[in-house]
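Undergrad: One-letter residues, chain by chain:
Number of protein chains: 4
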Amino acid sequence: MIGVGVIGCGYWGPNHVRNLSANPSSRVLYACDLSEERLAHVGRLYPATRPVRDYQEVLRDPAVDAVVVATPVSTHARIALDAFRAGKHVLVEKPMTASVEDALRLIEAADRAGKILMVGHTFLYASAVRMIQRTIAGGVLGRIHYVSMQRLNLGLFQTDYNVVWDLAPHDVSILLYLLPARPVAVSVHGRANVHPGVEDVAMMTLRFDDGMIAFLHFSWLDPKKVRQAIFVGDKKMLVYDDIRDTEKVDIYDKGVSAPKHYDTYAEFKFSYRYGEKVTPYIEEVEPLKFESAHFLECIQTGKKPLTDGANGLEVIRVLEASHRSIKNGGGFEKIG
Amino acid sequence: MIGVGVIGCGYWGPNHVRNLSANPSSRVLYACDLSEERLAHVGRLYPATRPVRDYQEVLRDPAVDAVVVATPVSTHARIALDAFRAGKHVLVEKPMTASVEDALRLIEAADRAGKILMVGHTFLYASAVRMIQRTIAGGVLGRIHYVSMQRLNLGLFQTDYNVVWDLAPHDVSILLYLLPARPVAVSVHGRANVHPGVEDVAMMTLRFDDGMIAFLHFSWLDPKKVRQAIFVGDKKMLVYDDIRDTEKVDIYDKGVSAPKHYDTYAEFKFSYRYGEKVTPYIEEVEPLKFESAHFLECIQTGKKPLTDGANGLEVIRVLEASHRSIKNGGGFEKIG
Amino acid sequence: MIGVGVIGCGYWGPNHVRNLSANPSSRVLYACDLSEERLAHVGRLYPATRPVRDYQEVLRDPAVDAVVVATPVSTHARIALDAFRAGKHVLVEKPMTASVEDALRLIEAADRAGKILMVGHTFLYASAVRMIQRTIAGGVLGRIHYVSMQRLNLGLFQTDYNVVWDLAPHDVSILLYLLPARPVAVSVHGRANVHPGVEDVAMMTLRFDDGMIAFLHFSWLDPKKVRQAIFVGDKKMLVYDDIRDTEKVDIYDKGVSAPKHYDTYAEFKFSYRYGEKVTPYIEEVEPLKFESAHFLECIQTGKKPLTDGANGLEVIRVLEASHRSIKNGGGFEKIG
Amino acid sequence: MIGVGVIGCGYWGPNHVRNLSANPSSRVLYACDLSEERLAHVGRLYPATRPVRDYQEVLRDPAVDAVVVATPVSTHARIALDAFRAGKHVLVEKPMTASVEDALRLIEAADRAGKILMVGHTFLYASAVRMIQRTIAGGVLGRIHYVSMQRLNLGLFQTDYNVVWDLAPHDVSILLYLLPARPVAVSVHGRANVHPGVEDVAMMTLRFDDGMIAFLHFSWLDPKKVRQAIFVGDKKMLVYDDIRDTEKVDIYDKGVSAPKHYDTYAEFKFSYRYGEKVTPYIEEVEPLKFESAHFLECIQTGKKPLTDGANGLEVIRVLEASHRSIKNGGGFEKIG
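Protein chains in written order, with the working numbering: chain D, 308 to 643; chain G, 308 to 643; chain A, 308 to 643; chain P, 308 to 643.
Chain D on its own, in the form it takes in the complex (with noise of 0.2 Å):
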């Protein structure tokens, strides 16, 4: 049984509670929060669990083996290195940290300390990536000529970082996940609409080192929520929409697509040939609740985590540039 402390129990910190709780290898010992009102709430759900205000608390529990770190992204440093020091396994939530130092001290931190480093990708343990994951390793798709990434709703608003910060590490990391390339050079154009200095839509574009591009589009200002991804292959096309239910990845075929002749506006709209389309059947589980899972068996084996330090570094790595690509008007940056 590992003991664990989840340590900010704001907007994200209860769902690892609650996975923590119901997986049958781990106790959550503590819950840690600044805010009274978030303690006495995660109390009452779980009575099991001790709230307390102050993390080094938790760490100072020898019965705690592992640490969740859900606070700010400008504190994921400094409590994840407490908490090497302190020998404890470190899950710490997506973006790992706020700057690409920052993070190489994690991955020596964690080194040192021979403890796990995980980093909270939490799409890459969803069963429709792990699908689109196999799909293209398989070389289902053929050559993958482009992606297109959007991510769009009504933001969270923040104004301590842009909406790349936000929403980049999701669709990064899914990217870096999917495809053998390596990102080379990030250009990013954005536009802050509501808080002067602070992005609030942007459009990155990303060079893969054998000539792929990737277009990735970010926004906090859309009332209708969007979360697609389509990959266009010489092969085949998949769109995965992760807004569905059910029925998030569909498959298309090629058509062909000879110019034709036509004689009338409808047979103008039939024009375009589509081929056949597929939409696999996936079986839905919260990703969160393989993501612990996962956690708990790399604490328990040694096992490196599927996204370890060095994963959580590539994400950083290109945020960080493209952060410099949005301040010199939209270039390309290079990254690592």
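Treat the hints with care, since some could be wrong.
If chains are identical, the list can't say which one is meant, so a pair holds when it fits in one copy or spans any two.
[Claimed, not checked] Below, computed lysine-lysine pairings styled on PhoX-like, alpha-carbon distance capped at 25 Å:
| no. | residue 1 | residue 2 |
| --- | --- | --- |
| 1 | K634 | K561 |
| 2 | K610 | K531 |
| 3 | K610 | K422 |
| 4 | K610 | K596 |
| 5 | K561 | K531 |
| 6 | K542 | K596 |
| 7 | K641 | K531 |
| 8 | K532 | K542 |
| 9 | K561 | K532 |
| 10 | K532 | K634 |
| 11 | K542 | K561 |
| 12 | K611 | K531 |
| 13 | K531 | K543 |
| 14 | K422 | K561 |
| 15 | K531 | K542 |
| 16 | K641 | K561 |
These aren't lab readings, by the way, just hints derived from the structure by calculation.
Using the hints provided, position chains G, A and P relative to the given structure of chain D.
TA: Here is chains G, A and P on its own, set in the frame of chain D:
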């Protein structure tokens, strides 16, 4: 009764023949094409129209008041200039010309001849686009934050021009029509996947004189056809989906989106708020029917066309600057 | 070259004129209607076709080999019988006649004259329906458990016949074409909401000789148009959505659906299982184009039409029995 | 603080445990089930709840104020009667009982004991259903012409009762809640495809005392899940699609639908008119959370539950009459 000759009966020309034949104000005297097979086909459907191979024959007939030029882009300027010299009104397909220089020559020639020069930006005659124009002009959306457009399909591959020259005329002409601001700079990231040197996928970013930003995504590689534009304002958001037969336009209220705490995965899924959505009724009419009628009306009344030479020129300016941007690696290029 | 006269140029007749004009095997010699305004309209669009008010004038012309009867249902029998007497082939619109008795007389008259009698069950010439026919005949769905069809829209209100006579001919003809079993009894529950005595909404239940059951829902009252048919077999399920421009047919695998335990609302939402879905590519062609070509081919070759008199009669038998069922309060009535 | 025991922890009971545990007004003292495995599972998730096998043990504890009965239908009456005798309030799952006779006995027992009897018609606590109730009651739809409901999925096959007993309680309870009229007769056509004698697909027709008609379609055989209800009024039409995560309700204006003449296939496709569609914003909350809170509130205040015994009885009356109708071949049976 206005006598018309349609020059070019390949992909799109027959639709002009059909609409101008059905309009009681015009008669299609000539259908002109280099292909005997196309001429035979059009001749059978429209027995009252004379099929000819040489467009000069059309221009020589004094019964011909106006011509439609629906030939490959590279020939637009030459044929249209000949037509003005012969004293004909001209409706030229989009894009108007292959260069800004040619566009200026056409405008000047029309002026000198005192004839109508109209460009076939058909979408500006679509009921949905006109309804969106009234909606934006009426302030319903508030200040526009940004626009995102997508025109994706399995393409009619060209080797003489790229996906931007093929598809951007549609969306750029719509955008310039709908927005009061003028574009000042353009950046295009693209990639040639199939034919070396011919981009088949591209992302265009347009910056406007009021600071607004627009993203336009074009592709010839997508088996799933997409024709979508979203306009995000500070009051409402409008989504225009041109693939649908009806219900092409949705208008979304902005909902409140305060960060919430939640305890279950289901609550998490519902944690983004939406406002009411309204889908106005739009009566569908074939856009080219309106366009044909507008061309005839301008000839009869001397009225300036909605899609006149200046309008066609502005689109060409964006296309030329886009071309420079692609060639310089995606940096912004000034327009105009 | 087959000479044709189209009798009735109101709602649907002009589509016959257009398709038969475009077909190289036929010439439309006459367009006949009682309305001068309709005749003027058709005459302008088809200058080679002669507009006349009296259908006897059409029947007298020996250059006329065949007629299309697209007049109100109550006149079908009289006009078609006159046409057979005049030695013409006849394509009569659906429903073929207003009674079984008239249907039998038409079949007999066609036999006696040795001419083609074809019924305009247009849907049987639609690409999607033909693809579904091949799918079912090929055993892909397995044994059909049941069928459910919906044809709902804001109706073209009639006062001389009800929603069943208006809409059921489409779906009943499709059903009889697609299934090997024959209908033996019908029950119809309906209600007259707008015009007393004229049902504008109805639910038809058909029982077949193999025990299969089909539910057909018709309405003139629905602002949201629906055209859907589902075929549930013991292997797979097929959904045909005729509203869509493309992707009209989806084929679903049966998933496993063991009752599961679950602990959260989200798991509950995901607890029903689905199998893979396949959406075959279907090339869209205007069904009437195929129907016209088939009529001409049958005239030229003597081939029996797919939608011959016997087929039209079977539909009328279902309609008559349906009428009796509505009048008797919804009890089952024998067909045949 | 209200002490609660949840009897039955199979399919649905754990959701009661979760919601009543999270509600600050109640404590779940007992979770009761015959299966040791279910008890172990619930015990781990809710350490403060005592797992027991015998429901009499729950009833004997004076700290228990109320019980939830989430056992198989055939046992509802016996357990609930025992609970009333022991002086407990009772929330019994749907359908309330297996017969009208049992339902009457439960109502009488609750009256005699002076305790709350509430039925778990959960949908009446769904935000969307409550919003529809206000819409209809407010006259927005005008006079209701007819209602059509569909509840189709791959079923949890039962052999002790058919698809009507399984699925109709949901839709019938919704219908009775939403409409002021009362059902007077019911006809059900069904078929047993998989297990002889157990109908797995059925079409129910309900006639109401104001002449209104409703069609309810149930199936255990459909791989594509459908949960839809449409309400067609003389002013507007409302469509409720419970499959969607958001935008569950659309309200359609009636458009004009004069028959039109048209000359092309495309115009034909557009010839039906639609009015504007409005999709109201509805905040999603887990319905059972509201239901739990309502049960506790009724206990505390003595308020009559929205879904009280009389309400549960009315549903059972429809189910019993439906059963008679299926057995008599689909003829109408009186309700009540």
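Undergrad: All the hints need checking, so say for each whether the structure fits it.
TA: The hints, checked one at a time:
no.: 1; hint: K634 - K561; verdict: neither (40 Å within a copy, 29 Å between copies)
no.: 2; hint: K610 - K531; verdict: neither (40 Å within a copy, 40 Å between copies)
no.: 3; hint: K610 - K422; verdict: within (11 Å within a copy, 57 Å between copies)
no.: 4; hint: K610 - K596; verdict: within (18 Å within a copy, 40 Å between copies)
no.: 5; hint: K561 - K531; verdict: between (29 Å within a copy, 9 Å between copies)
no.: 6; hint: K542 - K596; verdict: neither (34 Å within a copy, 33 Å between copies)
no.: 7; hint: K641 - K531; verdict: neither (33 Å within a copy, 33 Å between copies)
no.: 8; hint: K532 - K542; verdict: between (29 Å within a copy, 16 Å between copies)
no.: 9; hint: K561 - K532; verdict: between (28 Å within a copy, 11 Å between copies)
no.: 10; hint: K532 - K634; verdict: neither (27 Å within a copy, 35 Å between copies)
no.: 11; hint: K542 - K561; verdict: within (6 Å within a copy, 28 Å between copies)
no.: 12; hint: K611 - K531; verdict: neither (38 Å within a copy, 38 Å between copies)
no.: 13; hint: K531 - K543; verdict: between (28 Å within a copy, 10 Å between copies)
no.: 14; hint: K422 - K561; verdict: neither (47 Å within a copy, 46 Å between copies)
no.: 15; hint: K531 - K542; verdict: between (31 Å within a copy, 13 Å between copies)
no.: 16; hint: K641 - K561; verdict: neither (34 Å within a copy, 37 Å between copies)
This entry does not satisfy hints 1, 2, 6, 7, 10, 12, 14, 16, going by the numbered hints stated previously.
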